[in-house]
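Under our numbering, the sequence shown has 33 at position 33, and the numbering climbs by one with no breaks.
Fair warning: there could be bad hints in the mix.
Ranges between beta-carbon positions, derived for each pair [stated by the list, open to error]:
| no. | residue 1 | residue 2 | range |
| --- | --- | --- | --- |
| 1 | E59 | V32 | 28 to 38 Å |
| 2 | S57 | K24 | 13 to 23 Å |
| 3 | P58 | G34 | 11 to 21 Å |
| 4 | E62 | R15 | 17 to 27 Å |
These are calculated hints, taken from the structure and not from any lab test.
Quantities reported herein were computed from a predicted structural model and do not represent experimental measurements.
In this text, a Cβ means the ideal position worked out from N, Cα and C, and glycines have one as well.
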Amino acid sequence: SGATGNFIDAGVVRRLGLPSIQRKDPEIVLAVDGTPLKSGPLTEHTEDIGLIFNGVSPEHKERIRLNIIEAP
Numbered sequence: 001s002g003a004t005g006n007f008i009d010a011g012v013v014r015r016l017g018l019p020s021i022q023r024k025d026p027e028i029v030l031a032v033d034g035t036p037l038k039s040g041p042l043t044e045h046t047e048d049i050g051l052i053f054n055g056v057s058p059e060h061k062e063r064i065r066l067n068i069i070e071a072p
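Work the whole structure out from these sequences, hints included.
Written out as structure tokens, the structure reads:
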């Protein structure tokens, strides 16, 4: 995707009932064209979420934290 972080839409977070955590320091995120996201700075992220990659031998698992944004 070219993204330098892991992001998830706020609507998906609400729909899935994922717990969120307030960030200590809000962070400005720039779009592909170099302008700040219209939804404003990052203020929340998810708790660490477990990912399982099926079809990989051996099965690969990892935990990541997703920054919550209002996707256009």
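Practice prompt. Could you check the structure against the hints above and give me the numbers of any it violates, in ascending order?
Written response: 2, 3
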